[in-house]
Each structure stands twice: as C-alpha cells, then as structure tokens.
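Chemist: Using the sequences and the hints given, assemble the complete structure.
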Amino acid sequence: ASLGPSQSLLGTMLGIKAMLMMEDGHLVTQEKVQTREEVVDKMAEFVTEFASVQELGIFEQNYEGPRDELVNRLHETLPKVKIQKIDYPPSLAVYLGPSVVGVLVHEGMY
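Numbers in our numbering are just positions in the sequence shown, counted from 1, shifted up by 1.
By construction, these hints were calculated from the structure, which means they are not laboratory data.
These numbers come from a predicted model, not from an experiment.
Heads up, none of these hints are tricks.
Within a straight-line C-alpha distance of at most 25 Å, the following computed DSS-like cross-link-like pairs (lysine-lysine) qualify:
hint, residue 1, residue 2
1, Lys-43, Lys-86
2, Lys-18, Lys-33
3, Lys-33, Lys-43
4, Lys-86, Lys-18
Modeler: Now the structure itself:
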C-alpha cells in the first residue's frame, strides 16, 4: 500500500515517520515508526537481512544525527562493507520531504 496525502498529513501531525521502500518503481510504505531511534533500529535491521551486502549508501537531508548513528551501527555489524554518505538534491526533497534518512544497498552474488 502506498502512502497517500491524508496518511502523510496525519503521520506528520502525530510524529509518525514512514519507512518507504522502492518496489517495482513505486514507493510503498514498509513500516511506520515514531522516534529517530526506531528509524535507526529498523533500518539497521533491514540492511542486515541482506545475504551478501557489498556496498552501502546512506543518504540524508537534515537528519545528520540518525545518519551518523546508522553508519556507526552498520560499521559494527558489517565491518568490511564500504559505506558512503550521500547528500541528495533539493529536487528529490520535493518527493521525500525536508528531513529524511535512507539507505541504498548493493547486494553481491553469494
């Protein structure tokens, strides 16, 4: 199920953050969390579910603290994986919002 405008507004009012995933070219809601700590926990859990992570990209806009916490946690869990910090352009902020942290996973062969 995708995140509609009314869900987005209500989530903003209640302080709920949607965790989105790109699936078949569409953004869909994966989970909903309330705190930045939950965001970091769920994203770290998501990344460690991949069988063979080769490279990671962490992108953020106005979310430096959670990004750095996520990078530190992933360095502990996946010490050999290269993690790049990526800034995303304002044009993408139009779709994602002004305060976002995300992860890109490049999975290798087994």
